[in-house]
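Could you put together the complete structure from these sequences and hints?
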Amino acid sequence: MARVELKQVTKAWGDVVAVEPTDLVIENGEFVAVLGPSGCGKSTTLFMLAGIYAPTSGAILFDGHEMNAVEPKDRNIGIVFQSYALYPHMNVRDNIAFPLKFQKLPKSEAIARAEDVARLVHVDELLDRKPSQLSGGQQQRVALARALVKQPNLLLLDEPLSNLDATLRLTMRTEIKALQKRTGITTILVTHDQLEATTMADRIICMSRGRIEQIGTPEDFYSRPASLFVAKFIGSPPLNLVEGTGREGRFQTGGASLRLGSDQGAPPEGGIVAGLRPEMLTFGPEGIAGEIVAIEPMGRETLYILDTDLGGLRVLESRPDRTHTVGQKVHVSFDAAETVLFDAATETRIAGAWVAV
Amino acid sequence: MSPADATHTVAQRDWQAAARRSLWRRRLGMWSLVFFLIVVSLPIMLPYFWMLTISVSARTGGADTIVLWKACAVLVPAVIGVVLTRTMMPPGGQRNLAGLAVIAIAAITGVVLIGPDLHANNYRFLWNPNIVEEIRGSSGAGGDQFPWVWTAFTNSLIFAVANTVVVLTVSTLAGYYISRFAFAGRATFLQSLLVLHAFPAMTLIIPIFLIMHWAGLLDTISGVILVVVTLELPFSIFIMKGFFDAVPWDIEMSAMTDGASRRQAFVQVILPQVKVGMLAVGVFSFLKGWEEYVFVRTLLFEKSNWMMSLYLFWVSDDLMGVDYGIVAAVGVFYVLPSLLLYVTCQKYLVQMTIGGIKG
Chain G
797 MARVELKQVT KAWGDVVAVE PTDLVIENGE FVAVLGPSGC GKSTTLFMLA
847 GIYAPTSGAI LFDGHEMNAV EPKDRNIGIV FQSYALYPHM NVRDNIAFPL
897 KFQKLPKSEA IARAEDVARL VHVDELLDRK PSQLSGGQQQ RVALARALVK
947 QPNLLLLDEP LSNLDATLRL TMRTEIKALQ KRTGITTILV THDQLEATTM
997 ADRIICMSRG RIEQIGTPED FYSRPASLFV AKFIGSPPLN LVEGTGREGR
1047 FQTGGASLRL GSDQGAPPEG GIVAGLRPEM LTFGPEGIAG EIVAIEPMGR
1097 ETLYILDTDL GGLRVLESRP DRTHTVGQKV HVSFDAAETV LFDAATETRI
1147 AGAWVAV
Chain S
192 MSPADATHTV AQRDWQAAAR RSLWRRRLGM WSLVFFLIVV SLPIMLPYFW
242 MLTISVSART GGADTIVLWK ACAVLVPAVI GVVLTRTMMP PGGQRNLAGL
292 AVIAIAAITG VVLIGPDLHA NNYRFLWNPN IVEEIRGSSG AGGDQFPWVW
342 TAFTNSLIFA VANTVVVLTV STLAGYYISR FAFAGRATFL QSLLVLHAFP
392 AMTLIIPIFL IMHWAGLLDT ISGVILVVVT LELPFSIFIM KGFFDAVPWD
442 IEMSAMTDGA SRRQAFVQVI LPQVKVGMLA VGVFSFLKGW EEYVFVRTLL
492 FEKSNWMMSL YLFWVSDDLM GVDYGIVAAV GVFYVLPSLL LYVTCQKYLV
542 QMTIGGIKG
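Taken in sequence, the protein lines are chains G and S.
Letter by letter, the first sequence follows residues 797 to 1153 in my numbering.
Letter by letter, the second sequence follows residues 192 to 550 in my numbering.
A few of these clues could be false.
Unchecked claim - Here are the computed lysine-lysine pairs in the DSSO-like style, where the Cα-Cα straight-line distance is at most 27 Å:
id: 1; chain 1: G; residue 1: 869; chain 2: G; residue 2: 803
id: 2; chain 1: S; residue 1: 466; chain 2: G; residue 2: 869
id: 3; chain 1: G; residue 1: 926; chain 2: S; residue 2: 494
id: 4; chain 1: S; residue 1: 466; chain 2: G; residue 2: 897
id: 5; chain 1: G; residue 1: 903; chain 2: S; residue 2: 466
id: 6; chain 1: G; residue 1: 926; chain 2: G; residue 2: 897
id: 7; chain 1: G; residue 1: 926; chain 2: S; residue 2: 538
id: 8; chain 1: S; residue 1: 494; chain 2: S; residue 2: 479
id: 9; chain 1: G; residue 1: 900; chain 2: G; residue 2: 926
id: 10; chain 1: G; residue 1: 869; chain 2: G; residue 2: 926
Unchecked claim - Listed next, the stretches of chain G that the computed footprint assigns to chain S, with coverage defined by at least 3 CB atoms under 8 Å from CB atoms of chain S:
id: 11; stretch: 846-860
id: 12; stretch: 977-985
As the list claims (entries may be wrong) - Negatives, chain S to chain G, calculated, CB over 10 Å:
id: 13; residue: 204
id: 14; residue: 211
id: 15; residue: 222
id: 16; residue: 279
id: 17; residue: 287
id: 18; residue: 293
id: 19; residue: 296
id: 20; residue: 303
id: 21; residue: 489
id: 22; residue: 494
It should be emphasised that the hints constitute simulated quantities derived from the structure, not laboratory data.
Heads up, the beta-carbon is just placed ideally off N, CA and C, and yes, glycines get one too.
This is the structure in structure tokens:
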């Protein structure tokens, strides 16, 4: 178990900066997701923790000890690669026991421990098979078992679910989360899937272009996205974003004007982007006028695409039946407390600000 | 007869006809394929067959072809018979029995027809150290220059094994390094590897002779090993690099986070993935060493340094027209090791494609 700390860590390949100076603390036993689009530096950060890449500058600390010069083999890290990276020439038992080979354990004890871990991830029936004889989900479990068998200080998961089919992904999500809670191993999950991050992790680190955009709990990301980037990245369907300008307590946009205020002093001025979550918009007798242009049934929910005075809006109703039809004129309203506003220039959230009809 | 019955019988007749047609089409396809393969392999098979029969039957010293024709007279009907049972009869015990019967008849006829003609006398060079002198008399040209065949055999074996060991070691390590590490001039190095391979080695023969002379390696086996290894390496390195390229990078990284050092990861995880490539490179460099003639001929003079290729050359040079039987027997003896090696390894060799492992 380890407390992981990054101090001003950077990584550059020649002139290309993959990770900007980053400070980060991951507490002992935490399950953290690093979330971001491809190329944002999340995997690079993971590989720096594993020791596969050396940081260009800065320090990586495990429990207060600097790790920069420590070789991967001595860091006691379990890692599950996106491709699982099982050893094709070994059967499942040998694959799982492989990390114990280097710990000078008696062979019988190593096999016993490998079989214990195999039971933990439900692959104890497959011990004599070769990786090529396993399905994707089974390979994934074997990779997980191999990462866990040496009781690592830190478990790193690099997009572990992206090669699985949808149903299996759901099962593995639950299983990995439960396993992490049971073992208490500090775990870092790298993913581009916001749902994976919010469902599994205690804390999410959102990265974009080599920088950390926001660190927080899934709730923080949902109710208080720190930047426009995070707001666009989190939530399905994503936030409705309305561009406009703030002047003297009014939010002016294309054909409409809304009330603009702040819980913390004067209402903001200048370029503003207002975020309205689809699920907080409700149809009503009054509010913003618009017309329904399309309806997307999503099973338990129904998504309405509207053309309004504020521009295109998505409205999500939590009921499977349709309450409205295409072409119908409607009004939508929302609760001012649930709106989020961003400064158009800095793309960061304006704390305390709100808009209302 | 109800209409339903009528359609039923019509359908049945059509199915049977279709099945018969398909069967004949398959047989025809099979026959033409077998015929084609026989025709194209005859020019390859016949000389070897000639060599084998002459080596075990020639008595007078001349090239007696009578045994060859007798053998053909037994073998050709036997092959045709087996092919016919395979194509004409349904699979099962009866077909196997018929096949065995044909083979048995052929074997008995063979023993009766050819048996009395067979003898191992032409192979006496294996236990007689100075065969050429015995045949041509000591006055014969170069009679006393001949080493025993086992000297040449041992030399060839040493040469081929050393060639294999050096080529395999160097090309595996170099291939791994080129595949995994970036270094200045890597692209140029790769290109020059290919150019070196494209360059005909014969053009280098005089400079190499001079270099060997100046280096004091002329007429030494280690000298020839160095030359052949050098010429062999570029292509072998290139092949091994291709095999290493096909091994995913994460496997290695995974091994290293699992606690292996770079060398342990290489030996325990990476090498098993390129086994087929190593086998191929190993077999090919062994065969190359075993069959090497040009550099052996140019750079070695002492008869104690002769290889099998030189031995065969001098035997045929001295005895051709005098004793074909011995020449053929030496040829058979020379071919056997490479044949054995190839037969044992061909299962793996056919899996090889340049640059990777096939399914």
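Status of each hint after checking the structure:
1. Among the hinted pairs, residue 869 (chain G) with residue 803 (chain G) is consistent with the structure: their alpha-carbon atoms are about 22 Å apart, no more than 27 Å.
2. Using a Cα cut-off of 27 Å, the hinted pair residue 466 (chain S) and residue 869 (chain G) holds, with the two alpha carbons roughly 25 Å apart.
3. Under the criterion of a C-alpha separation no larger than 27 Å, the hint pairing residue 926 (chain G) with residue 494 (chain S) is inconsistent with the structure, at around 54 Å.
4. Using a Cα cut-off of 27 Å, the hinted pair residue 466 (chain S) and residue 897 (chain G) holds, with the two alpha carbons roughly 22 Å apart.
5. A threshold of 27 Å between alpha carbons decides the hint, and for residue 903 (chain G) with residue 466 (chain S) the separation of about 26 Å falls inside it, so the pair holds.
6. Straight-line distance between C-alpha atoms of residue 926 (chain G) and residue 897 (chain G) comes to about 19 Å, which keeps the hinted pair within the 27 Å bound.
7. The suggested pairing of residue 926 (chain G) with residue 538 (chain S) holds, with an alpha-carbon distance near 21 Å, which does not exceed 27 Å.
8. Taking the CA atoms of residue 494 (chain S) and residue 479 (chain S), the gap is about 21 Å. The hint holds against a cut of 27 Å.
9. Note on residue 900 (chain G) and residue 926 (chain G): the hinted pairing holds, with a Cα-Cα distance of about 25 Å set against a maximum of 27 Å.
10. As the CA atoms of residue 869 (chain G) and residue 926 (chain G) are separated by approximately 25 Å, the hinted pair is consistent with the 27 Å bound.
11. Three residues within the 8 Å Cβ limit are the bar, and the stretch 846-860 of chain G against chain S gives 3, so the coverage statement holds.
12. For the stretch 977-985 of chain G, the stated coverage by chain S is violated: 0 residues have a C-beta nearer than 8 Å to a C-beta of that chain, whereas at least 3 were required.
13. Consistency note on residue 204 (chain S): stated as away from chain G, and its beta-carbon is indeed over 10 Å from all of that chain's, at 47 Å minimum.
14. Chain G leaves residue 211 (chain S) outside its interface by the beta-carbon criterion, the shortest separation being 42 Å against a cut-off of 10 Å.
15. Under the 10 Å C-beta cut-off, the non-interface status given to residue 222 (chain S) relative to chain G holds; the minimum distance is some 39 Å.
16. Distance check on residue 279 (chain S): its Cβ is at least 40 Å (rounded) from any Cβ of chain G, clearing the 10 Å threshold; non-interface status holds.
17. Distance check on residue 287 (chain S): its Cβ is at least 33 Å (rounded) from any Cβ of chain G, clearing the 10 Å threshold; non-interface status holds.
18. At roughly 42 Å, the least C-beta separation between residue 293 (chain S) and chain G is larger than 10 Å, which holds for a residue marked as non-interface.
19. Against chain G, the non-interface label of residue 296 (chain S) holds: every CB pair exceeds 10 Å, the least being about 46 Å.
20. With 10 Å as the threshold on Cβ separation, the claim that residue 303 (chain S) sits away from chain G holds: the shortest Cβ distance comes to roughly 53 Å.
21. With 10 Å as the threshold on Cβ separation, the claim that residue 489 (chain S) sits away from chain G holds: the shortest Cβ distance comes to roughly 43 Å.
22. Every CB of chain G is more than 10 Å from the CB of residue 494 (chain S) (nearest about 47 Å), matching its label as outside the interface.
Violated hints, in rising order: 3 and 12; the structure is consistent with all others.
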